[in-house]
Amino acid sequence: MKDILKLAWRNLWRNRRRTLITAASIFFAIFFAIGMRSFQLGSYDHMIKQVIEAYTGYLQVQQSDYLDDPGIDNVFEAKPELLKQLEADPNVKVAVPRIESFALASTGTLSKGVMVTGIAPDKEGKLSGLGRQKLIKGRNLGADDTGILLSERLSKYLKAGIGDTVVLMGQGYHGVSAADVFPVRGIVRLPSPDLDNKLIYMTISTASTFFSLSNQLTAIAINLNNTDGMKRTQKRLTKLINDNRLSVKNWEELNPVLKQQIEQDNKSGQIFLAVLYLIIFFGIFGTVQMMISERQHEFGMMVAIGMKRKKLAEIILVEMLMLGFLGAISGMMAIVPFILWGYYDPLTMTGEMARMYTDIGFDPVMPMAWFDGYFFRQAGVIFLMVLLASWLPVRSILKLNVIKALHGQ
Amino acid sequence: MIWSIAWKNVWRNRKRSLIVIAAVMLGTTAGVFTTGLIIGWVNARIRAVIYTEVGHIKVHNPDYLNNEEIGNTIPQSDAICRYLEKRPEVKAFSKRIKLMAMASTSRGNTALMLQGIDIEKEKRVSEVYRQLVPGAGTYFETSGLYPIVISDKTAEQLRIKSYQLTTDKMDSLKLANVPQQVLHKLEPLENIRYNTRNLFVKAVKKRLTRKESARYGAGIVNRSEHYRLRSKIVCTLTDKNGEMVNQSFKVCGIFNTTNTMFDQTNAYVRQLDLAQLAGLGPGEYHEIGILLTEKADVNSFQHELLTNFPRISALNWLEMAPDAGLMANYMDLYYYIVMGFILFALAFGIINTMLMAVLERTKELGMLMAIGMNRKRVFSMIMLETIFLTMVGAVLGMGLGWLIIQITGHTGLDFSSIGEGMEAMGWPAVVYPEITVSFFFGVTLLVIATGVLSSILPARKALSLKPVEAIRSDN
Amino acid sequence: MSVIEIQDLVKIYNNTAVQVTAVNHVSLTIDKGEFTAIVGPSGSGKTTLLNLIGGLDEPTSGTIFVDHVDITKLNNKQLVDFRLNNIGFVFQSYNLIPVLTAFENVSFIMEMQGMAKPVIQARTREILTEVGLGDRMNSRPNQLSGGQQQRVAVARAMASKPTFIIADEPTANLDSKATAKLLEMMENLNRKEHITFLFSTHDQRVMNQAHRIIVLEDGKIVKDDKMADPE
Chain A
1 MKDILKLAWR NLWRNRRRTL ITAASIFFAI FFAIGMRSFQ LGSYDHMIKQ
51 VIEAYTGYLQ VQQSDYLDDP GIDNVFEAKP ELLKQLEADP NVKVAVPRIE
101 SFALASTGTL SKGVMVTGIA PDKEGKLSGL GRQKLIKGRN LGADDTGILL
151 SERLSKYLKA GIGDTVVLMG QGYHGVSAAD VFPVRGIVRL PSPDLDNKLI
201 YMTISTASTF FSLSNQLTAI AINLNNTDGM KRTQKRLTKL INDNRLSVKN
251 WEELNPVLKQ QIEQDNKSGQ IFLAVLYLII FFGIFGTVQM MISERQHEFG
301 MMVAIGMKRK KLAEIILVEM LMLGFLGAIS GMMAIVPFIL WGYYDPLTMT
351 GEMARMYTDI GFDPVMPMAW FDGYFFRQAG VIFLMVLLAS WLPVRSILKL
401 NVIKALHGQ
Chain B
410 MIWSIAWKNV WRNRKRSLIV IAAVMLGTTA GVFTTGLIIG WVNARIRAVI
460 YTEVGHIKVH NPDYLNNEEI GNTIPQSDAI CRYLEKRPEV KAFSKRIKLM
510 AMASTSRGNT ALMLQGIDIE KEKRVSEVYR QLVPGAGTYF ETSGLYPIVI
560 SDKTAEQLRI KSYQLTTDKM DSLKLANVPQ QVLHKLEPLE NIRYNTRNLF
610 VKAVKKRLTR KESARYGAGI VNRSEHYRLR SKIVCTLTDK NGEMVNQSFK
660 VCGIFNTTNT MFDQTNAYVR QLDLAQLAGL GPGEYHEIGI LLTEKADVNS
710 FQHELLTNFP RISALNWLEM APDAGLMANY MDLYYYIVMG FILFALAFGI
760 INTMLMAVLE RTKELGMLMA IGMNRKRVFS MIMLETIFLT MVGAVLGMGL
810 GWLIIQITGH TGLDFSSIGE GMEAMGWPAV VYPEITVSFF FGVTLLVIAT
860 GVLSSILPAR KALSLKPVEA IRSDN
Chain C
885 MSVIEIQDLV KIYNNTAVQV TAVNHVSLTI DKGEFTAIVG PSGSGKTTLL
935 NLIGGLDEPT SGTIFVDHVD ITKLNNKQLV DFRLNNIGFV FQSYNLIPVL
985 TAFENVSFIM EMQGMAKPVI QARTREILTE VGLGDRMNSR PNQLSGGQQQ
1035 RVAVARAMAS KPTFIIADEP TANLDSKATA KLLEMMENLN RKEHITFLFS
1085 THDQRVMNQA HRIIVLEDGK IVKDDKMADP E
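Residue numbers (our numbering), protein chains in the order written: chain A, 1 to 409; chain B, 410 to 884; chain C, 885 to 1115.
Derived by calculation from the structure, the hints in this document are not laboratory data.
Please note that a few of the clues may not be correct.
To be verified - Simulated crosslink set (DSSO-like; lysine-lysine; CA at most 27 Å straight-line):
#, chain 1, residue 1, chain 2, residue 2
1, B, K615, A, K239
2, B, K785, C, K1001
3, B, K611, A, K239
4, A, K404, B, K772
5, A, K235, B, K507
6, A, K156, B, K507
7, A, K259, B, K614
8, C, K1045, B, K875
9, B, K785, C, K1045
10, B, K424, A, K404
11, B, K875, C, K957
12, A, K159, B, K649
13, B, K615, A, K259
14, A, K49, A, K126
15, A, K159, B, K507
16, A, K267, B, K620
17, B, K870, C, K961
18, B, K467, B, K507
19, B, K611, A, K249
Values in this document were obtained by computation on a predicted structure and should not be read as measured data.
Okay, chain A solo, but in the shape it has when bound (with noise of 0.2 Å):
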């Protein structure tokens, strides 16, 4: 084995030149499609942890039509041990109730649709950070507090700060119209621009009051310890609930719409590194075949005066894989400080660009993703594309007619 690897290694430097162009190939593809998929990956999970860590939650406990229909009609009954038994679930990190709906707020002269959050503000903390980490100006919600809490682009627009009153009109249970007037206390800010343009915040009895609920919920909002059991956790909380009235959802099932953003551009990626590594293919096909073609009369020589046809055949394969493996690894490492740059100082969007992400409701921000699956895949990815692309040319060894081979045909 050792022998077969240094005259392998050996072979691949008598044509310096063409094994660094392949290699170089191969760099580049690895280079290229670890990064790109680092991004993608990267964004998804930025926008993921904006949007659903922060405030929709990964699962939701609901009325069982309320997905499908939702609506302050479809809530469901708030039991405390409910919460205390979905928080017991090992993979729980914090379960907390909710209730919410849309309404008009304004201030007089300026008016915009906004979605109220009833929330409990002691625990809200634990699930969106809500609180000391978001808070820009005046103060949290007190636990009984009537007051209300603004985003911030909604503050602007509104033109309302501190202290200022909101006029709040919506529709509650059961058709009653609901209208009041809701102090200010505080801003916060969300890090998804989509939230930050319309979340008001208040206390689940100030919610209660204001859509003439009694003591029932919208949704009851769980984020977890480990997002990779999402789905098992999922099957799990909805076997400790047993009670057909209510499901569990999932964040994509709650969120179709970004999960749909995230597929299309998740797709187009993968098809777009699929046509990059369709033409690094044919680069491989190329040099082994070259390869090949240019020792005939090596490997005439060497099958005529006793090695075996496997044998020779063999040596080609770990050629080329070496090729492969030199190509990819140093791709690997070369995208490695580019992560870790991307991961701890993501590149952010200025101008135009921020400007067009905004208003379609996503950070202007290109994180890195952390090392993953998707890293060691590619390299999979080539040493696949290497053992096909040889897989012609090495079996026409095992083929070999000597004589035609010594006469260099």
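Given the coordinates of chain A, assemble chains B and C onto it according to the supplied hints.
Chains B and C in isolation, oriented as in the chain A frame:
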């Protein structure tokens, strides 16, 4: 002569050349098609922005942009209108009153920006009237009081839209060749109203097999859309004096554009109705939407308008829809980068192939240099051979790419499975790829550049050969 | 009238650890219309000498005048042009461009010289007919026999109207029949058109046809016989 030799040399080792040609062809086709896709998308978006959503230019009171207060109407609106009437570049314009209102029905509520429009004028500026859901009302062709035209999305939010398999709908499904056994399975659902799409889809899926759902599902769901036209929507708004006003409107039509954000914000009512409710007088408008002729220069018109009326704000569509604007501006750059990238990946294979081609011809090259072929000619020969090799694949790739674009540009590419996500950002779910001839020129130039750059290494190798050593006879 | 005048030519190779003197103070004159063979065993320096005369290699010292031009003083670019217009080459093998026909191989060199197209066409036809390949003008080298290929090579060398033609062992790969044919053709050309031929060989039959034989041994001329004029 060098050209002819170079061309013939490409075909010396057919197998090897074909590998490179295949790779270049694949890469070029992919690049061309991707570009066609993107151009199709961007053009559709721009078209929607200009002809449906925003127009070419919008005029506002500058204060209105900061503070959408009802009082911030456009100064000198009559003079502006007279000016616009006279300008040949102006195809049409429409004056609008805009008010934010809370819209509610017994089953739902949402915020809407009510647009008080002059119906006939508006039709000439915006194509919303052409995007009504078939069978769902009309664009103000009603004699009723306080009519309102809302979007499909709004109808959903207000629970005016439901899903129902009425007897009529069952008949139409039969006519659409849905098999009897499928209809039979759906009979228990007849005439039951479902509030949302998801609820309906669930009910249908429960009764059909997976195959039946996959095949007929979408059609059944789409046909079962039911709008309760003439429903009442109560709109609450603040008038000029700061007083809260309630008014009940009757839904007379439902529209659906490819931009969900646009849809869920906007609704249309008669200008006179809204003016009266808001306490606005004649000549008081918040917005003038202007559509120019196709050949008009938007920027210079905008500039002139502002020069003539310095106290107004006039924004063009690029400024108002920055996402489309950005894409439009960077489109050229973007697709050349894509193509350049692909060619870069291809270059590795091209260089290797040409190096091999040079190395196996050392004797021949030595001979040529001996009999008097100078460096320039040798370099040109290698360079041309590289360019030809690359060009063959590129031309084939461009041809194939163009063909695919022609076909898909006709039939359209349906991305409905991720359609919601796209339309949420304002991009249509069905794309018609298109490409311009100038793009192919650009690609050709890039290919030639790739060929030239790739030929440097092999040509240098060829030139480094010494004729003496190259033709040294093997005794 | 001399077409080639060589004075005190020396070529020393420093490639390997050992110094090799391939051409050792050679002086020589070739006149127009000569049909001269340079002979000697392997390693005698005949190939090196021909390479030097043909301007393919640089001497260590000495001068070479071709048509009264000292080619040792020309730079690379000038040498290439000089070779194109003044010297014709026939190599042992790999003389022709495989992708071109016989016609194209011959016309190609005239195109490089910048001759007018109709002139090129006519002359190519003429020359190929003269070397007996009038009916094989559109054949590619791989469709021609070894002898035929060499004749095309000679035709090409002639076509450029050179001062002289250098042939390095032109018959080494040919059988006796082809060798005879080639030699006959070359001699004809020499006689009719007064084209100067300078070739190296170690084939006796070739030597027999030469009008003058220069024998080289260890880089020095040891014998320089002018044979009797055949006429």
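Now for the hints, and whether the structure bears them out:
no., hint, result
1, K615(B) x K239(A), "22 Å, holds"
2, K785(B) x K1001(C), "22 Å, holds"
3, K611(B) x K239(A), "22 Å, holds"
4, K404(A) x K772(B), "22 Å, holds"
5, K235(A) x K507(B), "49 Å, violated"
6, K156(A) x K507(B), "21 Å, holds"
7, K259(A) x K614(B), "22 Å, holds"
8, K1045(C) x K875(B), "25 Å, holds"
9, K785(B) x K1045(C), "23 Å, holds"
10, K424(B) x K404(A), "18 Å, holds"
11, K875(B) x K957(C), "18 Å, holds"
12, K159(A) x K649(B), "19 Å, holds"
13, K615(B) x K259(A), "24 Å, holds"
14, K49(A) x K126(A), "14 Å, holds"
15, K159(A) x K507(B), "19 Å, holds"
16, K267(A) x K620(B), "25 Å, holds"
17, K870(B) x K961(C), "18 Å, holds"
18, K467(B) x K507(B), "13 Å, holds"
19, K611(B) x K249(A), "16 Å, holds"
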